[in-house]
Each structure stands twice: as C-alpha cells, then as structure tokens.
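Each chain, letter by letter, is given below.
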Amino acid sequence: MSETTAAPELAAPRAPRNRRSTRTNYELYGWLFMRASGVLLLVLIFGHLYMNLMVGDGINAIDFAFVGGKWSSPLWQTWDLLMLWLAMIHGTNGVRTIINDYAERVGTRVVLKSALYLAFTITVVLGTLVIFTFEPCPAGADPELLASICFP
Amino acid sequence: MTAVLENSAEPDATPEVGAVPSFDVTLRIRRFNPEASEAAAYWEEFTVTAYGTDRVLDAMHKIKWEVDGSLTFRRSCAHGICGSDAMRINGRNRLACKALLKDLDPSKPITIEPIKGLPVVKDLVVDMEPFFASYREIMPFLITSGNAPSAERLQSAEQRERYDDTTKCILCAACTSSCPVFWNDGQYFGPAAIVNAHRFIFDSRDEGAEQRLEILNDKEGVWRCRTVFNCTEACPRGIEVTKAIQEVKRAMITRAF
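Listed in order, the protein sequences are those of chains A and B.
Heads up: the first sequence begins at 1 in this note's numbering, then just goes up one per residue.
Heads up: the second sequence begins at 1 in this note's numbering, then just goes up one per residue.
Some hints here could point you the wrong way.
Unchecked claim - Non-contacting residues of chain B with respect to chain A, defined by C-beta distances greater than 10 Å in every case (computed):
(1) Arg30
(2) Cys77
(3) Lys102
(4) Lys116
(5) Ile143
(6) Asp164
As the list claims (entries may be wrong) - Below, in silico cross-link-like pairs of lysine-lysine (DSS-like), each with a Cα-Cα straight-line distance of 30 Å or less:
(7) B:Lys116 x A:Lys113
(8) A:Lys113 x B:Lys219
(9) B:Lys98 x B:Lys108
What the hints assert, rightly or not - To give an idea of the chain A side of the interface with chain B (calculated C-beta under 7 Å), a few residues:
(10) Asn25
(11) Glu27
(12) Leu28
(13) Trp31
Keep in mind that the hints were calculated from the coordinates and are not lab data.
Every residue, glycine too, gets a C-beta built ideally from N, C-alpha and C.
One chain only, chain A, in its complex shape (with noise of 0.2 Å):
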C-alpha cells in the first residue's frame, strides 16, 4: 500500500516568464513609421511609375540618356533618394517583425536578421551612392565606353 508513483515528469512547458522589460518607445515609432512612410510611398512609387510610363513616349523612352537626365535635376535625385531609403527601411522592418513573428530559435533570429541588415546596408550605400555621384559622361574615359548622348 505504501507503493508511491513518482509524480510525472511533465514538459517544461515554455521558456519560464523572465521577460526583459524593453520600455522603449522603440516599438512605438517603428509601428508609426510603416503607417506613415506607407502612405508616402504610394505616392512616390505611383508618381515614379506615371512618369516612366506614361508621360511622352512611356516606356519606349527608357534608356541610358532618360535615366541620365532625371539623375541631373535635383528633384528626381531627392525622390529616388526619398523613395530607396522609405522603401528599405519600410520593407527590412516589415522582415525584420516577419522574423520575429516565426523565428522561433534564438539562432535563427539571429542569422535571418544579419543577413538581413547586410542587405540592407549594402543596398542603401551603393543605392545612394548612385544617386549622388552618377556621371553619365565621365571626363578622361574611353570614347568607346561612353553613350551617344556624350557627343552632342
């Protein structure tokens, strides 16, 4: 009668409740960012895609010379800068909450969010790099190379 069971052995049920308090109004902002760059970004992307597309000659007119030309007006330099950086902090934080959600492994986040920050460093540098040192004509380079718009 004394026989006892051992009480079972049941499965840890889930990390134990040590929650880092992350009382920052980190959160906050980015939660408020992609609301707001959101709205900014159907603006810029539709006006980008309206005039490539559809003003004078729409897509036939796309080529080196076209590209060259709105990279010499400052204001197409500042929508394309405005329009890259919203766009890739917008999408690597809309990633980045994506890998919270499913990530479950500590590992995992940790890679999957590297690899994704090293994306978006390197897109973003040689993205505004782009914008600001485009020179479709470069003194001193080998005829050869350059377009037809060079030798007017």
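With chain A held as given, fit chain B onto it using these hints.
The following block gives chain B in isolation, referenced to the frame of chain A:
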C-alpha cells in the same frame, strides 16, 4: 377501429409532439496522459447519443460519466460564465458549454483539442499559469491616489460606456490561445491581458493608466498585435478584442506626442 390498428402497428412513425430528436454524434478528442509509460498525445473517438438541445459539454459529460471516466477536462458553471471550458472545437476556440452540437454538423466527427499555445497537463486541461502571469502583470485592479472617498466613486453613464465592452471578459483564454503570435512567442502579453488593461486604462476612476500603458509599450506588448482578428472571432462574450487593442495603441501614440 382501423385507426387503432394502424397506430399499434407503427408506434414510432410520428414522434411525440414536443419530443426532442436524438442522434448519434462522434467526438474525436485529443488525449494526453502524462502518467502513461510513453506519454504521447493521441486521438480517441467516442460515439454517444445526444439530443438536439445538447451542447458539446453534455456529450462530453456523457462520455466521462458513462463511457470513459478518465477523460479529463475543466468545467465549473457549465453556463458560459466561469470560462473554465474553453477548448478548440472543430479548429475554433469555443466554450464547450456554449456550443450546441446541432450547430456543429453532428453528421461528421467533431474534433476537440486543448487550447493551443499553453502546455497540456492532461487531455484537455492546460497549464494556465503563463496566461495568468500576463494578466497579473498589467495590474488588473483599481489604482488611485489620495484618501478614499467616504461615498462611492461617481462616474457618468458615458464614462462607464467607454470601457463597457472589455468588462465582459471571463478570462477563459480563448482569445489568447487563438492568437498566432502567442502560439509562436509565449512572451507576448496576449489579447486577454490587453483587454483587461483596456478595462482600467479607460476607466475614469482609475489613475494607473500611465503605468499600464508603460507596461504594454513593451516589445512583447501591443505592438506585436498583427490584427489577425482571431481573438475577436474566438471571444465567447463577443468582446471586440482587436478593436480594444487598437484603442490601447492609439492611447500610447497620443501619449507619446
């Protein structure tokens, strides 16, 4: 005389007026016995006779009382008030005492599982501790300053109306355990905790709104809500849970700017 003969020949042809039709229903229940030598969850089917007025809980009672006494589930009041018997019935979180069998298509087996995202203790009983830990964290009690008034704390009907919806919560965990974010990340406060914070944040008599908003401004707080609306759909009290969460978000943004 012929009429009498006909009647005795087919006594059951026409059901008695006012009789409740009975039918056989199969319940497919997810079972787990932690004391078994190899504790693993499995499905078990029970077929019982039920009536058109029966709820899922009645069929489960019949199984527990007449077929298999080892079937384990929680229920207290059995009338949709205590919030003990939330379970996943046909893939949706409901209260077993509020779901009528006839509404669930009894011609097919009805699947019953424990609510998701909380550790299963036995059969349909889950460990509610992580759920209540989140609930405690948002301080679900009146916070005031100064001396207590000698009479009631007065409030207008409009001020009461502001948070009326979220007072209906019975803490059954149907919403929290229907939330995909909670399934994947148990650190998330979950809809139920936010609903109960909402109940005090928008109460004109309470002075702890600032603290509660501060708590829910966490990385695991309201900002993890993806407005999936599973919680609103699951709530057996019809609380507009997702709306309440959005209202807390808005309060945080207006506070920050």
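Against the structure, the hints come out as follows:
no.	hint	result
1	Arg30	holds, 15 Å
2	Cys77	holds, 27 Å
3	Lys102	holds, 36 Å
4	Lys116	holds, 12 Å
5	Ile143	holds, 18 Å
6	Asp164	holds, 27 Å
7	B:Lys116 x A:Lys113	holds, 28 Å
8	A:Lys113 x B:Lys219	holds, 16 Å
9	B:Lys98 x B:Lys108	holds, 19 Å
10	Asn25	holds, 6 Å
11	Glu27	holds, 4 Å
12	Leu28	holds, 6 Å
13	Trp31	holds, 5 Å
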